[in-house]
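Chains as they are written, first to last, in the numbering used here: chain A, 1 to 114; chain B, 1 to 114.
Since the hints were derived computationally from the structure, they do not count as laboratory data.
Don't be surprised by glycine CBs; every beta carbon is placed ideally from N, CA and C.
Hints may be right or wrong, so weigh each one.
Straight-line alpha carbon distances no greater than 20 Å define the calculated EDC-like cross-link-like pairs of lysine to aspartate or glutamate that follow [as the list claims (entries may be wrong)]:
{"id": "1", "chain 1": "A", "residue 1": "K57", "chain 2": "A", "residue 2": "D86"}
{"id": "2", "chain 1": "B", "residue 1": "K56", "chain 2": "A", "residue 2": "E101"}
{"id": "3", "chain 1": "A", "residue 1": "K98", "chain 2": "A", "residue 2": "E28"}
{"id": "4", "chain 1": "B", "residue 1": "K36", "chain 2": "A", "residue 2": "E44"}
{"id": "5", "chain 1": "B", "residue 1": "K36", "chain 2": "B", "residue 2": "E5"}
{"id": "6", "chain 1": "B", "residue 1": "K67", "chain 2": "A", "residue 2": "E101"}
{"id": "7", "chain 1": "A", "residue 1": "K57", "chain 2": "B", "residue 2": "D3"}
{"id": "8", "chain 1": "A", "residue 1": "K98", "chain 2": "A", "residue 2": "E52"}
{"id": "9", "chain 1": "B", "residue 1": "K36", "chain 2": "A", "residue 2": "E101"}
{"id": "10", "chain 1": "B", "residue 1": "K70", "chain 2": "B", "residue 2": "E5"}
{"id": "11", "chain 1": "A", "residue 1": "K71", "chain 2": "A", "residue 2": "E28"}
{"id": "12", "chain 1": "B", "residue 1": "K36", "chain 2": "B", "residue 2": "D69"}
{"id": "13", "chain 1": "B", "residue 1": "K68", "chain 2": "B", "residue 2": "D54"}
{"id": "14", "chain 1": "A", "residue 1": "K57", "chain 2": "A", "residue 2": "E78"}
{"id": "15", "chain 1": "A", "residue 1": "K98", "chain 2": "A", "residue 2": "D24"}
What follows is a list of derived Cβ distance ranges for each label pair [what the hints assert, rightly or not]:
{"id": "16", "chain 1": "A", "residue 1": "R59", "chain 2": "B", "residue 2": "D16", "range": "34 to 44 Å"}
{"id": "17", "chain 1": "A", "residue 1": "G16", "chain 2": "B", "residue 2": "R60", "range": "44 to 54 Å"}
{"id": "18", "chain 1": "A", "residue 1": "G40", "chain 2": "B", "residue 2": "Q59", "range": "38 to 48 Å"}
{"id": "19", "chain 1": "B", "residue 1": "S51", "chain 2": "A", "residue 2": "K57", "range": "20 to 30 Å"}
{"id": "20", "chain 1": "B", "residue 1": "Q59", "chain 2": "A", "residue 2": "Q84", "range": "42 to 52 Å"}
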Amino acid sequence: DTGVSQNPRHKITKRGQNVTFRCDPISEHNRLYWYRQTLGQGPEFLTYFQNEAQLEKSRLLSDRFSAERPKGSFSTLEIQRTEQGDSAMYLCASSSQKNEETQYFGPGTRLLVL
Amino acid sequence: GEDVEQSLFLSVREGDSSVINCTYTDSSSTYLYWYKQEPGAGLQLLTYIFSNMDMKQDQRLTVLLNKKDKHLSLRIADTQTGDSAIYFCAETGFIAGNNRKLIWGLGTSLAVNP
Numbered sequence: 001d002t003g004v005s006q007n008p009r010h011k012i013t014k015r016g017q018n019v020t021f022r023c024d025p026i027s028e029h030n031r032l033y034w035y036r037q038t039l040g041q042g043p044e045f046l047t048y049f050q051n052e053a054q055l056e057k058s059r060l061l062s063d064r065f066s067a068e069r070p071k072g073s074f075s076t077l078e079i080q081r082t083e084q085g086d087s088a089m090y091l092c093a094s095s096s097q098k099n100e101e102t103q104y105f106g107p108g109t110r111l112l113v114l
Numbered sequence: 001g002e003d004v005e006q007s008l009f010l011s012v013r014e015g016d017s018s019v020i021n022c023t024y025t026d027s028s029s030t031y032l033y034w035y036k037q038e039p040g041a042g043l044q045l046l047t048y049i050f051s052n053m054d055m056k057q058d059q060r061l062t063v064l065l066n067k068k069d070k071h072l073s074l075r076i077a078d079t080q081t082g083d084s085a086i087y088f089c090a091e092t093g094f095i096a097g098n099n100r101k102l103i104w105g106l107g108t109s110l111a112v113n114p
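Excised from the complex, chain A in its bound form:
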């Protein structure tokens, strides 16, 4: 079990560009969460998948944000037309059906929008 992995670890982009992040959960974890963390803040919930179904989206997730988990394994988070306010650490977590109370986090993708 290699843990939750996220790629890339860092991304610098210009305002207006699109970016896509990937999360690979712990194998056999059917639940996957995306959070966003800005400097000096705790993480904020963005969206949740159970298998391939996206069951919840926060109001923080504007129309420019889209997340997918097409085969119920890895997930992608895309931000279109990035804004400087999107600069943050994007965290992915996963949990299993048997042990759903425990979310394991990846190292995060740090996004800087110039």
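Assemble chain B onto chain A, guided by the hints.
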């Protein structure tokens, strides 16, 4: 609403005990968590407590839960310089039935002085 509050800073001497406090608002939370985040690193689950428990001990860590006052604390015995990090308190917020997102505090920055 859902809200988690923590003091922002704590400074202790190496070898002393550290106590980090947290208050939460959602009385329906079934689990309460302590996560540790070191600089540039992801979130590491330290421990969690089920809401029908008053105390949980795990090696140097002791979690106390006062459900009446909605108060959670984390005690670290014999604090070491390696314990210097940000400690986040989190409670469960329900989405899509039994599935849980985490509601986070802002984090307590623990500084351990030699």
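Hints, verified against the model:
Between A/K57 and A/D86 the alpha-carbon distance is near 17 Å, which keeps this suggested pair within the 20 Å criterion. This hinted pair checks out: B/K56 and A/E101 have alpha carbons roughly 16 Å apart, not beyond 20 Å. A threshold of 20 Å between alpha carbons decides the hint, and for A/K98 with A/E28 the separation of about 10 Å falls inside it, so the pair holds. With a CA separation close to 16 Å, the supplied pair B/K36 and A/E44 stays within the 20 Å bound.
At most 20 Å may separate the alpha-carbon atoms for a hinted pair to count; B/K36 and B/E5 meet this at roughly 16 Å. Our distance criterion of 20 Å between C-alpha atoms is met by B/K67 and A/E101, whose separation comes to about 18 Å. The straight-line distance between the Cα atoms of A/K57 and B/D3 is roughly 19 Å, inside the 20 Å bound, and the hint therefore holds. About 18 Å separates the Cα atoms of A/K98 and A/E52, which keeps this hinted pair within 20 Å; it holds.
Between B/K36 and A/E101, the direct Cα distance comes to roughly 17 Å. Compliance with the 20 Å bound is thereby established for this hinted pair. With a CA separation close to 11 Å, the supplied pair B/K70 and B/E5 stays within the 20 Å bound. A threshold of 20 Å between alpha carbons decides the hint, and for A/K71 with A/E28 the separation of about 12 Å falls inside it, so the pair holds. Using a Cα cut-off of 20 Å, the hinted pair B/K36 and B/D69 is violated, with the two alpha carbons roughly 24 Å apart.
About 11 Å separates the Cα atoms of B/K68 and B/D54, which keeps this hinted pair within 20 Å; it holds. A C-alpha spacing of about 14 Å is found between A/K57 and A/E78, which places the hinted pair at or below 20 Å, so the restraint holds. Between A/K98 and A/D24 the alpha-carbon distance is near 19 Å, which keeps this suggested pair within the 20 Å criterion. Under the hint 34 to 44 Å, the C-beta atoms of A/R59 and B/D16, about 43 Å apart, fit the expected range.
In this structure the supplied range 44 to 54 Å holds for A/G16 paired with B/R60, their Cβ-Cβ distance being about 49 Å. Between A/G40 and B/Q59 the beta carbon distance is about 30 Å. The supplied range of 38 to 48 Å is therefore violated. Range check, B/S51 to A/K57: about 27 Å between beta-carbon atoms, so the 20 to 30 Å window is met. In this structure, B/Q59 and A/Q84 meet the distance hint of 42 to 52 Å, their C-beta atoms being roughly 43 Å apart.
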